[in-house]
Amino acid sequence: MKSLAELQAIRDKAKQQMNMRGEQPDAIRVLVGMATCGIAAGAKPVLNAFVEEAAKRNLQNVIITQTGCIGICQFEPVVEIEIPGQDKVTYVKMTPEKAVRIVNDHLVNNNVVTEYTIGANS
Amino acid sequence: MRELSLNVMDIVQNSVTAKATFIEIIVKEITNDSLLSINDSLLSIIIKDNGCGMSEKQLKNVTDPFFTTRTTRSVGLGIPLFKMEAEQTGGSFSIDSEIGLGTTLKANFVTSHLDMTPLGNINSTVSILIRCNPDIDFLYRRSIDDKSFDLDTKELRQVLGNDVPLNSSEVMQWIDEYLKEQTQNLIGGKDNNEIIG
Chain D
1 MKSLAELQAI
11 RDKAKQQMNM
21 RGEQPDAIRV
31 LVGMATCGIA
41 AGAKPVLNAF
51 VEEAAKRNLQ
61 NVIITQTGCI
71 GICQFEPVVE
81 IEIPGQDKVT
91 YVKMTPEKAV
101 RIVNDHLVNN
111 NVVTEYTIGA
121 NS
Chain R
1 MRELSLNVMD
11 IVQNSVTAKA
21 TFIEIIVKEI
31 TNDSLLSIND
41 SLLSIIIKDN
51 GCGMSEKQLK
61 NVTDPFFTTR
71 TTRSVGLGIP
81 LFKMEAEQTG
91 GSFSIDSEIG
101 LGTTLKANFV
111 TSHLDMTPLG
121 NINSTVSILI
131 RCNPDIDFLY
141 RRSIDDKSFD
151 LDTKELRQVL
161 GNDVPLNSSE
171 VMQWIDEYLK
181 EQTQNLIGGK
191 DNNEIIG
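Protein sequences, first through last, are from chains D and R.
Heads up: the first sequence is residues 1 to 122, going by my numbering.
Heads up: the second sequence is residues 1 to 197, going by my numbering.
There is no bait here: all hints are sound.
Under the rule of at most 25 Å between Cα atoms (straight-line distance), these lysine-lysine pairs were calculated in the BS3-like manner:
# : chain 1 : residue 1 : chain 2 : residue 2
1 : R       : K147      : D       : K2
2 : R       : K154      : D       : K13
3 : R       : K154      : R       : K28
4 : R       : K154      : D       : K15
5 : R       : K180      : D       : K13
6 : R       : K48       : R       : K19
Worth flagging that the hints you see were computed from the coordinates, not collected in a lab.
All chains should be built: construct the whole structure from the sequences, respecting the hints.
Take a look at the structure:
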């Protein structure tokens with residue numbers, strides 16, 4: 001059974017790690033569109049795929065979060081990637097499989113997966 | 001929506017937009033009520049926030065799909081969809097709100113009805129909401145008849161202190177496993193999707 005004592009141990013461990021890592025001003029942000037349109041189109045499994053893949057690769061500088069509707073509902077699920085110092089990239093009609101590839105190619109190796117972007121799909 | 005858990009995620013987004021700092025998500029199942037026939041059960045989903053609330057006029061219009069406060073598009077389907085899904089099972093839907101105090105939304109579902117939308121993976125909804133809104137406190141309560149469990153992020157925050165955010169990966173893992181264990185415990189070893197699947 002999961003106990004609060006266990007959580008306390010996590011806290012102590014995390015605290016140490018965080019002291020070493022410090023703040024993350026240069027973190028990569030992954031924004032998954034999670035309004036009614038995004039959710040209905042399948043944004044939840046996409047977000048889960050980003051979380052799982054980032055955890056698998058132990059990517060510490062990636063923040064995965066949700067955003068609202070940006071007005072292009074026909075392209076949902078939409079994911080925006082913001083890397084500090086670079087142009088924002090918008091991926092459309094996302095799937096969990098595409099998410100895995102984007103983590104590997106774009107987030108890890110910094111190669112935009114052009115074929116999944118809005119520019120290639122509109 | 002394919003699952004009610006997706007509706008919950010969508011509806012809670014309204015609370016986030018309303019700048020709530022505390023959001024309660026209550027999923028309650030009643031199987032042994034004397035008013036229900038055998039093999040029938042009632043599922044209630046209650047979402048309560050302490051956000052900015054709505055004016056009487058907004059409240060009146062909120063179930064109208066062509067009413068929305070957003071500016072990016074002219075339709076708002078979240079609440080109308082949820083209402084429809086409750087009412088199509090012979091259930092009911094209500095929403096109360098007061099400016100400055102917050103909003104409470106309640107949907108009742110008759111789970112045996114042909115048009116019942118499955119609850120789906122509600123644990124993953126709760127987990128995503130905590131992960132994406134680490135500054136908001138959530139109370140998730142799941143109950144079946146007189147058995148229940150809570151996940152209260154205020155309680156977790158007390159243990160974690162101010163330095164360790166709720167959405168750090170170790171804490172999220174703890175939350176996921178806690179939810180899984182408690183749910184299995186509650187519904188007798190069956191997986192979340194099997195019970196109302």
